[in-house]
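Chemist: Sequence:
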Amino acid sequence: MLNYAYPRSRFEPTVLVDLNAKAERERLSQSALKGFFKLVATWKVRDEDARQLLGGLSNSAYYDWKKNPERTLEVDCITRISYLLGIYKALHIIYGDKLADEWISLPNNNQIFEGRTPLAYMLGGGLLAMQTVRQLLDARRGGL
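For what it's worth, my numbering labels the leading residue of the sequence shown as 3, then goes sequentially.
Hints may be right or wrong, so weigh each one.
In silico DSS-like cross-links for lysine-lysine, where the CA-CA straight-line distance does not exceed 30 Å [unchecked claim]:
1. Lys100 x Lys46
2. Lys36 x Lys24
3. Lys69 x Lys91
4. Lys36 x Lys46
5. Lys40 x Lys24
6. Lys24 x Lys100
7. Lys100 x Lys36
8. Lys69 x Lys24
9. Lys100 x Lys68
10. Lys68 x Lys36
Cβ-Cβ distance ranges computed for the label pairs, FRET-style [said to hold, decoys possible]:
11. Lys69 x Ile114: 32 to 40 Å
12. Asn111 x Lys68: 31 to 39 Å
13. Arg10 x Glu104: 18 to 26 Å
14. Lys69 x Asn5: 57 to 65 Å
15. Phe39 x Asp140: 22 to 30 Å
16. Arg10 x Asn61: 48 to 56 Å
17. Asn111 x Arg29: 27 to 35 Å
18. Asn61 x Asp140: 17 to 25 Å
19. Pro109 x Thr16: 33 to 41 Å
Honestly, the hints are just simulated from the structure, not real lab data.
Glycine is no exception: its CB is placed at the ideal position from the N, C-alpha and C atoms.
Could you put together the complete structure from these sequences and hints?
Modeler: Put into structure tokens, the structure is as follows:
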């Protein structure tokens, strides 16, 4: 009987982070929040919209997180921030810095956005919309 195997490769599979493990969330949360607040400042996102991107955070919690990012975030929040940081990175790979930082607030005729801004699309569609924007930009970055 023959055993089949994939050929050896110099590429190693990515080790997935288990966000259900509290230790992993503790390790990632502070840097995720710091990155998020830098990102919304760069994109010039209003605080009200930034709170919505985090999943509908209250005013008081948002400003507390901004002042004191030393906390452990839940899986949903870390996932949202991860998508947004991935979008930021993809935009800076595809476009120059100026357009990359403005793209999120510019009306877009792509059928996904239907003339709305990518920010408005993500605010309306939440986590799944963030995932869609990330996939769109990753596909563009990959040449599709």
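Chemist: If a hint holds in the structure, say so; if it doesn't, say that too.
Modeler: Do the hints match the structure? See the list:
1. Lys100 x Lys46: Holds, at about 12 Å.
2. Lys36 x Lys24: Roughly 19 Å between the alpha carbons, so the hint for Lys36 and Lys24 holds.
3. Lys69 x Lys91: holds, 25 Å
4. Lys36 x Lys46: The given pair, whose Cα atoms are some 15 Å apart, holds under the 30 Å limit.
5. Lys40 x Lys24: Holds, because 24 Å separates the two Cα atoms, which is no more than 30 Å.
6. Lys24 x Lys100: The given pair, whose Cα atoms are some 37 Å apart, is violated under the 30 Å limit.
7. Lys100 x Lys36: The given pair, whose Cα atoms are some 21 Å apart, holds under the 30 Å limit.
8. Lys69 x Lys24: Given pair Lys69, Lys24 holds - Cα atoms ~22 Å apart, limit 30 Å.
9. Lys100 x Lys68: Cα-Cα ~25 Å, so holds.
10. Lys68 x Lys36: Within the cut-off at roughly 8 Å; holds.
11. Lys69 x Ile114: 32 to 40 Å: holds, 35 Å
12. Asn111 x Lys68: 31 to 39 Å: holds, 34 Å
13. Arg10 x Glu104: 18 to 26 Å: violated, 45 Å
14. Lys69 x Asn5: 57 to 65 Å: Distance hint for Lys69, Asn5 holds at roughly 58 Å.
15. Phe39 x Asp140: 22 to 30 Å: Distance hint for Phe39, Asp140 holds at roughly 24 Å.
16. Arg10 x Asn61: 48 to 56 Å: holds, 55 Å
17. Asn111 x Arg29: 27 to 35 Å: violated, 41 Å
18. Asn61 x Asp140: 17 to 25 Å: violated, 33 Å
19. Pro109 x Thr16: 33 to 41 Å: holds, 35 Å
Figure legend: structure checked against the earlier numbered hints; hints not met, in rising order: 6, 13, 17 and 18.
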